[in-house]
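Participant: Listed below, chain by chain, are the residues.
There are 4 protein chains.
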Amino acid sequence: MKVGFVGLGHMGSAMAANLLKAGYEVAVYNRTPSKAQALVRQGARFAEKVADACKNREAVITMLPDDAAAEVVVFGGDGVLGSLRKGAVHVSSSTISVALSEKLAKAHAEKGQRYVAAPVMGRPDAAAAARLWIIAAGAPDAVDTCLPLLEALGQKVFRFGDNPADANTVKLCTNFLITAIIESLGEALALIGKAGLDRHQYVEFLTSSLFSAPIFKTYGAIIAAQQFEPAGFAAPLGLKDNRLVLAAAENLRVPLPLANLIHDRFMTLLAQGGESLDWSAISTLPAQDSGLGKTVPQ
Amino acid sequence: MKVGFVGLGHMGSAMAANLLKAGYEVAVYNRTPSKAQALVRQGARFAEKVADACKNREAVITMLPDDAAAEVVVFGGDGVLGSLRKGAVHVSSSTISVALSEKLAKAHAEKGQRYVAAPVMGRPDAAAAARLWIIAAGAPDAVDTCLPLLEALGQKVFRFGDNPADANTVKLCTNFLITAIIESLGEALALIGKAGLDRHQYVEFLTSSLFSAPIFKTYGAIIAAQQFEPAGFAAPLGLKDNRLVLAAAENLRVPLPLANLIHDRFMTLLAQGGESLDWSAISTLPAQDSGLGKTVPQ
Amino acid sequence: MKVGFVGLGHMGSAMAANLLKAGYEVAVYNRTPSKAQALVRQGARFAEKVADACKNREAVITMLPDDAAAEVVVFGGDGVLGSLRKGAVHVSSSTISVALSEKLAKAHAEKGQRYVAAPVMGRPDAAAAARLWIIAAGAPDAVDTCLPLLEALGQKVFRFGDNPADANTVKLCTNFLITAIIESLGEALALIGKAGLDRHQYVEFLTSSLFSAPIFKTYGAIIAAQQFEPAGFAAPLGLKDNRLVLAAAENLRVPLPLANLIHDRFMTLLAQGGESLDWSAISTLPAQDSGLGKTVPQ
Amino acid sequence: MKVGFVGLGHMGSAMAANLLKAGYEVAVYNRTPSKAQALVRQGARFAEKVADACKNREAVITMLPDDAAAEVVVFGGDGVLGSLRKGAVHVSSSTISVALSEKLAKAHAEKGQRYVAAPVMGRPDAAAAARLWIIAAGAPDAVDTCLPLLEALGQKVFRFGDNPADANTVKLCTNFLITAIIESLGEALALIGKAGLDRHQYVEFLTSSLFSAPIFKTYGAIIAAQQFEPAGFAAPLGLKDNRLVLAAAENLRVPLPLANLIHDRFMTLLAQGGESLDWSAISTLPAQDSGLGKTVPQ
Numbered sequence: 001m002k003v004g005f006v007g008l009g010h011m012g013s014a015m016a017a018n019l020l021k022a023g024y025e026v027a028v029y030n031r032t033p034s035k036a037q038a039l040v041r042q043g044a045r046f047a048e049k050v051a052d053a054c055k056n057r058e059a060v061i062t063m064l065p066d067d068a069a070a071e072v073v074v075f076g077g078d079g080v081l082g083s084l085r086k087g088a089v090h091v092s093s094s095t096i097s098v099a100l101s102e103k104l105a106k107a108h109a110e111k112g113q114r115y116v117a118a119p120v121m122g123r124p125d126a127a128a129a130a131r132l133w134i135i136a137a138g139a140p141d142a143v144d145t146c147l148p149l150l151e152a153l154g155q156k157v158f159r160f161g162d163n164p165a166d167a168n169t170v171k172l173c174t175n176f177l178i179t180a181i182i183e184s185l186g187e188a189l190a191l192i193g194k195a196g197l198d199r200h201q202y203v204e205f206l207t208s209s210l211f212s213a214p215i216f217k218t219y220g221a222i223i224a225a226q227q228f229e230p231a232g233f234a235a236p237l238g239l240k241d242n243r244l245v246l247a248a249a250e251n252l253r254v255p256l257p258l259a260n261l262i263h264d265r266f267m268t269l270l271a272q273g274g275e276s277l278d279w280s281a282i283s284t285l286p287a288q289d290s291g292l293g294k295t296v297p298q
Numbered sequence: 001m002k003v004g005f006v007g008l009g010h011m012g013s014a015m016a017a018n019l020l021k022a023g024y025e026v027a028v029y030n031r032t033p034s035k036a037q038a039l040v041r042q043g044a045r046f047a048e049k050v051a052d053a054c055k056n057r058e059a060v061i062t063m064l065p066d067d068a069a070a071e072v073v074v075f076g077g078d079g080v081l082g083s084l085r086k087g088a089v090h091v092s093s094s095t096i097s098v099a100l101s102e103k104l105a106k107a108h109a110e111k112g113q114r115y116v117a118a119p120v121m122g123r124p125d126a127a128a129a130a131r132l133w134i135i136a137a138g139a140p141d142a143v144d145t146c147l148p149l150l151e152a153l154g155q156k157v158f159r160f161g162d163n164p165a166d167a168n169t170v171k172l173c174t175n176f177l178i179t180a181i182i183e184s185l186g187e188a189l190a191l192i193g194k195a196g197l198d199r200h201q202y203v204e205f206l207t208s209s210l211f212s213a214p215i216f217k218t219y220g221a222i223i224a225a226q227q228f229e230p231a232g233f234a235a236p237l238g239l240k241d242n243r244l245v246l247a248a249a250e251n252l253r254v255p256l257p258l259a260n261l262i263h264d265r266f267m268t269l270l271a272q273g274g275e276s277l278d279w280s281a282i283s284t285l286p287a288q289d290s291g292l293g294k295t296v297p298q
Numbered sequence: 001m002k003v004g005f006v007g008l009g010h011m012g013s014a015m016a017a018n019l020l021k022a023g024y025e026v027a028v029y030n031r032t033p034s035k036a037q038a039l040v041r042q043g044a045r046f047a048e049k050v051a052d053a054c055k056n057r058e059a060v061i062t063m064l065p066d067d068a069a070a071e072v073v074v075f076g077g078d079g080v081l082g083s084l085r086k087g088a089v090h091v092s093s094s095t096i097s098v099a100l101s102e103k104l105a106k107a108h109a110e111k112g113q114r115y116v117a118a119p120v121m122g123r124p125d126a127a128a129a130a131r132l133w134i135i136a137a138g139a140p141d142a143v144d145t146c147l148p149l150l151e152a153l154g155q156k157v158f159r160f161g162d163n164p165a166d167a168n169t170v171k172l173c174t175n176f177l178i179t180a181i182i183e184s185l186g187e188a189l190a191l192i193g194k195a196g197l198d199r200h201q202y203v204e205f206l207t208s209s210l211f212s213a214p215i216f217k218t219y220g221a222i223i224a225a226q227q228f229e230p231a232g233f234a235a236p237l238g239l240k241d242n243r244l245v246l247a248a249a250e251n252l253r254v255p256l257p258l259a260n261l262i263h264d265r266f267m268t269l270l271a272q273g274g275e276s277l278d279w280s281a282i283s284t285l286p287a288q289d290s291g292l293g294k295t296v297p298q
Numbered sequence: 001m002k003v004g005f006v007g008l009g010h011m012g013s014a015m016a017a018n019l020l021k022a023g024y025e026v027a028v029y030n031r032t033p034s035k036a037q038a039l040v041r042q043g044a045r046f047a048e049k050v051a052d053a054c055k056n057r058e059a060v061i062t063m064l065p066d067d068a069a070a071e072v073v074v075f076g077g078d079g080v081l082g083s084l085r086k087g088a089v090h091v092s093s094s095t096i097s098v099a100l101s102e103k104l105a106k107a108h109a110e111k112g113q114r115y116v117a118a119p120v121m122g123r124p125d126a127a128a129a130a131r132l133w134i135i136a137a138g139a140p141d142a143v144d145t146c147l148p149l150l151e152a153l154g155q156k157v158f159r160f161g162d163n164p165a166d167a168n169t170v171k172l173c174t175n176f177l178i179t180a181i182i183e184s185l186g187e188a189l190a191l192i193g194k195a196g197l198d199r200h201q202y203v204e205f206l207t208s209s210l211f212s213a214p215i216f217k218t219y220g221a222i223i224a225a226q227q228f229e230p231a232g233f234a235a236p237l238g239l240k241d242n243r244l245v246l247a248a249a250e251n252l253r254v255p256l257p258l259a260n261l262i263h264d265r266f267m268t269l270l271a272q273g274g275e276s277l278d279w280s281a282i283s284t285l286p287a288q289d290s291g292l293g294k295t296v297p298q
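Residue numbers (the numbering used here), protein chains in the order written: chain A, 1 to 298; chain B, 1 to 298; chain C, 1 to 298; chain D, 1 to 298.
Hints should not be assumed to be uniformly reliable.
Partial chain D-side listing against chain A, Cβ under 7 Å, derived [said to hold, decoys possible]:
| id | residue |
| --- | --- |
| 1 | Ala271 |
| 2 | Asp289 |
| 3 | Gly293 |
By construction, these hints were calculated from the structure, which means they are not laboratory data. For clarity, every value in this text was computed on a predicted model and none was experimentally measured. Glycine is no exception: its CB is placed at the ideal position from the N, C-alpha and C atoms.
Chain A extracted, bound-state conformation:
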């Protein structure tokens, strides 16, 4: 199966490498071409334009940072929409808005192309280890077609019906739940810290008992150690996803007060210079409000 891959950031590069390892012929495109070199050395074909990663491919996977980038790649000149052949599948793994996913579904349908939304869960290390969790939605035949690809990228594929945008809703809700854990750990650790208890011991206790999920282990360790650089997922991206879940909720008239609180945390973190930190650095703000001093490196 010949596939294209567009978007070679931390996540995308790791995913494309796993497709190569699984034996696929992969044409790779990135706006900054130098990022494609390592993959070319691993056997990928270099695509000069988005169109070169789409033409005569059965599927193209896009992994882009935001709506704006995804719109350019799909709707722009020499973009996915204009160069994918009829019947081929566009697999959008980017975390984009529900609204854009709906727009993509419509646009591809009009061109006779197929569209699957397949956003992923996991940080770059999970992507490299092909341990992502993948949330897929779209027409059953389209999902069936790209299922082997998705299985090469992750440890499990969850299918959420035939409306592609539902996968984006699921992804955004899930990122919201992660931020909820970050915020709640931040508040709990502010109290633990101000009470004079040991933050590491408290996190160790949590993840050895009721809270033994990967998500608590990953973020508990980062937060207790205050290791926010280098960022696995940078704060501006966290804000973007927060905005996307709030937009999806606003369209459906769903108030999300906790998501709003987290929005304000991102505002404060970024206002104080935290652009380059991991999104979990918002966890330091409750301690700061408690007079424990600024813990964010600046």
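With chain A's structure known, arrange chains B, C and D on it following the hints.
Facilitator: Only chains B, C and D this time, still in chain A's reference frame:
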């Protein structure tokens, strides 16, 4: 080792039964004496007064619903303070305030008695299965003395230093984290539900991926199924613990905005008649605010 | 002075009528032309297209419900931008986003046209009585040119410097303050009501003492009487302005937790069917959360 | 009419002085006796004990900082309860809890004494000028008896029925509304400031237009100038009143999310060393969260 046990609610009865199974001689006391009968049939000694569960015992465990009950049992006539012999240990497993725990520590020290705070994590089924997690703090010799007892009650004992009230801070922070999960699931499921997605499938997905901790499994199942009766932990107790964590935080000047949001959820749930429901029923309020209709039975 | 007026809703019609009374020659345009008839009877010239309200006019005032409407009117075919002569002034009195106001300023400058942002404060009755308060910003000469017009519309013009978008920031902040009063009255009256006190007497007390401003009198009366229909300013417009102040704040990295709380109130009100109510109907939600029953007509 | 006055802080001293000016014979008591000297020079009788300010007096007014002080003065040895004669009136002008006011009403009734709750609105300068607003509730005959006293203290007396504690509810709700204005001004001025606009001009605009109430003028001026010292009403007292309104609301199951937000502001202000500042200094926190730098003197 001869021990006393005061407070035979859902949790206390199960815990006392496990002490009997482990071979301890246990004198049991409850304000409503009939609740002691099943334990007496299992071999417990019936104590007519709190004092009867304390005199000539090496340790007495109290498991009471709130500060008021604990104050009566400890400071009241024929109470723990007046009847425990010098050197014996009072193990307080109740979820009480940090302030009361500090007061108990001081009062016992003045009497030459020892005091360990050992609140527990887990619902009644975990108590029955001796699968509780136990948070213990107090003077090392005192914790050492009662360690075998605690190990008979749970799957693991976590020691948090020699200041007993620290165990209460840890317990209250942890209950706060549970309510944070309940709130965030409630918000996420409001959006999932209003988007027309299946709530059960979403919870199944969460607990099969990043969120595979016991806490998500327990509450995810309850919340997706909206099974809030019978209550494993009733809403008024949830409000009480919320108030205790806010009080501890206020004393230390720590703002906890998420705990405040949860406080308001309990207010609303109770204002609408939810007294008998499980505390996780606050998760229905975001859906209600979203116009999905009242889901709380009334 | 020959002027144009575009947008003849409750506010715009009253404002255009005051220009006529003040002796201006006014060409009026509205998307639904029937709304222009009353003004034509009062002496206005009927404009069939936006362009007809702009050509050969020294100034055109636009009073439109939102960004989308303003964009069509200004940038659309036969729009303001294409038909206003060089040196003429576009006075934008609509409550639009800071970002759009900045875009308008730039576009008019490129065309050699002048641009003043002059949003207004006051409900339709104040507009009819020429009692509006007007917030004006723009190049001094441009504001000077349209000052007589603005003075014909309101009781006072406040000048806020030469950056037009600043007037929009001021307007949005002020609408936010109004919603803050609505929310706080809603919370206070929930407590007053549940304590069994008389809501009207309480509002009467407030507005006779420390809170004797027009804003408390207007909204205190509406809220105490729960007279939310007909809407002086409908809830969806309130949500729109809330979103605009949050967007302006997000661009500048300013967290506004109270504005977020109000956002959630609008979500809930609209989710429960309150589309046609006055925006101050969000004040009923705290009482509803307190179990006082649903007071919003549905 | 012979009256007693207990509690000679900033507010109480000014009030007692006005009673002297109005021709009453006033016995004054303060825990720190030196504060009584100025009043004695103005003609007051010095009371060595609370009882000396009560015996043979037709009315005694108490003006104390909090519940704890009020409890000592009323229930303590040689306190009001034990020394006021039958039929005499205790006028409680302190801002105390609804629960304590209910307890006082009951205790006085049992002693055959009368009880009126008459908390006041206004800062020390208003007290000195006899320009307070007074909120009175109690049995009609009791309020009638002390009405001339109250009228000597303020510009207007508002009667709120015969349940004394209702006056406390009204007072607490009103203080809550003031904090809501402080918070909303703080948020609006953070945005105004970060947009580069002039804070003073914005406040001037507000208080010249829709927001022309005393409360906006007083706090607008303080907040725009950031003049938080000396405190007219110190932050710890603001926190106390916030806690009282939250307690009254919790007892009635009324969620007050905005009061919770303000609670967190007080937490943060006090955690950062703002103990001696005026309560309106919480208005600086939104600007601080926006990265505008710490404006609170420390």
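Participant: Hints first: check each against the structure and report whether it holds.
Facilitator: Consistency of the hints with the structure:
1. Ala271: Nearest chain A Cβ about 3 Å off; hint holds.
2. Asp289: Holds, because the Cβ-Cβ distance from Asp289(D) to chain A comes to roughly 5 Å (cut-off 7 Å).
3. Gly293: violated (10 Å)
Violated hint: 3 only; the structure is consistent with all others.
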